[in-house]
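Novice: What follows is the residue order along each chain.
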Amino acid sequence: MSEADEKRRVFVTGMGLLSPIGRTADDVWQRWAGGRCPAGPVKRFDATNLPTRIATEIPDFSPRKELKSGRLARLLRPGEDFGYLAAAAAISDAGLDRESINGPRSGIAIGCRKEGPKVENFFSAIKASLTEAGEMDHQKFIDDGIKLIPPQTIVEGLPNACMYYIAHEYVLQGINYNFLALGSGGAMALGESLRAIRRGEADLMLAGGYDSWVNWVYLAQLSNRRLLSRNNDHPQKAHRPFDSNRDGSVAGEGACLMILEDADSAVRRGASVYGELQGYGSATGVPHEDLAACTRVLTGCIRQALADAGCGPEEIDFVHLSGDATPGGDAVETRATMEALGRHGTQIPATTLKSATGHLGNASGSMELAMMFEAMKRQTILPIVNLEDPDPVLPLSFVTSPMEGLELRRGLLLNRGWPSHYTALVVGRAGG
Amino acid sequence: MTARKARRVVVTGMSAVSPPGNDLASTWASVKAGASGVRSVQSFDATDWPVQIAGEVRDFRVDPFLDESQRSLGEILPRNVQMGVAATAMAAEDAGLQPESIPPERLGISVGAYTTCINLRQAAGWRTLMVDHAPPRYPDDEKRIDLRLPQVSIVEALGDRWRAGGPNYVVSTACAAGTQALGSAVRAIEDGRADVMISGGFDNMVEEVVLLSFSLLGVMSQRNDEPERASRPFDRQRDGFVISEGAAILILEELKHAQQRGARIYAELTGYGASMTTEHITDAATDGGAPAAAISLALQDAGMEPEQIQYVNAHGTSTRGNDKSETMAIRKAFGEHADRLAVSSTKSMTGHLIHAAGALEAVFCVMAIHDNVAPPTINYEHPDPGCDLDYVPNEAREMPIDAALSNSFAFGGNNGAVVFRRLQE
Amino acid sequence: MRDEIVVNAEIPTRDEVFAGVQECLVESLAVDPDEVSEDSLLVEDLGLASIDMLDLLFGLNTTFGTYIRPQEVQSHLLGGMSEDEFLKADRTVSEKGYERIAELVPDFDRSKLEEDLTDGDLFQFFRVRHVVDLVLDKMAEKAENA
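Protein chains in written order, with the numbering used here: chain B, 1 to 432; chain R, 1001 to 1425; chain Y, 2001 to 2146.
If you are wondering where the hints come from, they were derived from the structure by calculation, not from laboratory data.
C-beta: ideal position from N, C-alpha, C; glycine also.
Don't take every hint at face value.
To be verified - Label pairs and their computed distance ranges (CB to CB):
(1) B/143 <-> Y/2144: 41 to 51 Å
(2) R/1424 <-> B/44: 54 to 64 Å
(3) Y/2096 <-> B/120: 37 to 47 Å
(4) B/327 <-> R/1067: 26 to 36 Å
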């Protein structure tokens, strides 16, 4: 890194979010403080035959009503609609609009999961081409089927579709990243944006993630891979990070996008500042099922983020863990934190928002970062929801009741995406 | 950013699995000879479909490229990842890359890829599940359907095999993904977060539902009777792109790291630039402005003047909109030098590999420098007044090439450009 | 989950067709119903982009049980003229093409053009009325075949 790079600092000057427990940082904080996970039986579809039948859903969400555009409501897949709305909220929260944004110097970085268009788009065509025996007939498909496929199917299926609609709306014409990920995307997008602004490739980035795992296929897949809790009888108690009785996450949904700005330009335009993004590290656990190897890799990743922030382990005042509540995932990140931060790491408060919201997928990293800024603003750390019987082999100081009146200047955010993508971010409070 | 970079990035290994050839040597030989890999679709019955042609990789088998421990994974990996596995193995061999000699966290992966589409048979299966039988039950034979997600299969098939514990990017920006993946890889090395990156792309969009969906948009060539003549970038009679499949991987390495291990250095990747066209989701930029910005940013990042580039591998999809817009973009970014550039679209022979296109075309740029040959744009027969550059029509051209630039512009607006240069001390 | 299409064998009245077209436009373009009149220009007044045309046709085909292909919209606008007649070799509009445009747009003033129109510009002159005509034509054609 050259000296010139080090001079550019990156402030967060806006955020927009949607979650199962609120649509502003304050709402989410208050509901987290309430200490109850809103998980319940899946409402959106019939999950009766799945091993995991619970989720946290964003209540009362009508794409048609909220997007104010039939076209977008039709073309955006679940999760993307949250992203689009979070982008609008972040831009407005930062006091920006499409006129005031300097397009070529403004970029966008997104972490998401997408799997093409809705499979339902093909159902009418398939039905029209079935023979009486229920087989698909090639000629019938050509004559009667093809014309029933919605013409914008390919546009709907583009991995970068939502990113385009956002960039189009707010004239974000600069550097851009669209990462496919299973949970780590939002945190990666933030980290890469920090680097892009430092390098001078952009002065402003809209960055973060959006996702929805409340989908029949995802729930089936993720439960199959033992990543989701099967505690269907006690949905609110199902997601239990670092607890002896943990058995995975509760699938959730949401979006959190942030405005990252070169500090000088942010100050010049009198922007209000949530805090500072100071360091970033990313790594991959290989072999992905080898917990010792994953721990080594994540330890290196944390050290990388600290070095990038130019701070020592003792300068970290609290840790926000990923807390996906899988047996291995929780073990890896707690050990890596101890390895990387040493004894200090085992003494500072460690918490996670995740069991208050469910796993928000690629939105989790950015959502949790938003809560770290709240914690530093309020000098308070909220406890881990559902942590009743802390696993004795996990070495950290988990927060089990609210801690107030702290001196929180700098925090470490850990994020794990499945199968073994790790991200570490070092963040500082506004005003240093 | 014109200051000389502290950490420089070079290409030390390459591979290709493409319609014109199943490895780098055969692909490059075909492309230099102007041979098209586009044919009538063979992997499924496309008789009487609106579009019946594609660039398919023929006689491909992944087994020879798999580790002993991965044999069981091989058959359930989706085809795009299979081709990625093969391309990575060949590129690593070409680079003499030995994972045991690199600390895992110093080796990363950055590839352009997207979730594998389901085919019509699977879609029909899902319909049976979701419409006919409520409540649906998860089918037993789709237990590892999560491997369709590249973010999972890349870790399981590539990360584990090559001990790649560094940054891991699955870049999903459609037609620009291959180029943007290289961009993310270069930055990871320049920033000191990795010494070696496995980078490129793979895709197999020659799938029933993709072919149908794209053809509904009217952006694909329907020259079904003459597959090899269908992709005709910059030709006045072009009528759309040809979808194809394949993979290309480049081993990118920090210069000193490469020199210390005595690796062969093909070229330096000197610059990357990206931008976003925000006018329309599928139409090319009307004035070429945003794509031109990506080109200029890449040149600036490379610390090079437009005059230092001899060859441009164009995005050149063979759609009416792209080729005209790209011509304007090249003129805008290169100014008067545009008339002295050799500009060709190898998509005339390979078709459009979507998420892998930029990666394969980057390989061609490096080979153009290596061999001092500009590959041709084939099927160039009728000049279009809106496309007035030197497109290296129909025959490869031997010429001194020290630096080359590759363009990629996506459906969805993402633009990327990379610059390669013969290594200068 | 919609798995059925509505097919109406009767030929509807012009008002009924307009109502259906209006509904499709509201759905495809996210406009208010009262913004849509027979005289509205699809591009200028209702904000139609090229890709929306496909959506609109899909909506019409689903509503009316017709099968209108994108090419047919153009040939409908050309009033039977072939594309080769409408365009010159460089894909700008021919003399004969301008005559057709003048028919579509009574107050069309060619001298005000800054540069020649090309094939893509034709849709600028497309009005809701033309969509209604096209659907009626197709319905009549379909009734004849049945």
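Novice: All hints, please: hold or fail.
Specialist: For each hint, the structure was consulted:
Range check, residue 143 of chain B to residue 2144 of chain Y: about 19 Å between beta-carbon atoms, so the 41 to 51 Å window is missed. As the Cβ distance of residue 1424 of chain R to residue 44 of chain B is approximately 59 Å, the hint placing it in 54 to 64 Å holds. A C-beta distance of roughly 46 Å is found between residue 2096 of chain Y and residue 120 of chain B, which places it inside the suggested range of 37 to 47 Å. Under the hint 26 to 36 Å, the C-beta atoms of residue 327 of chain B and residue 1067 of chain R, about 27 Å apart, fit the expected range.
Of the hints listed earlier, the one the structure fails to meet is number 1.
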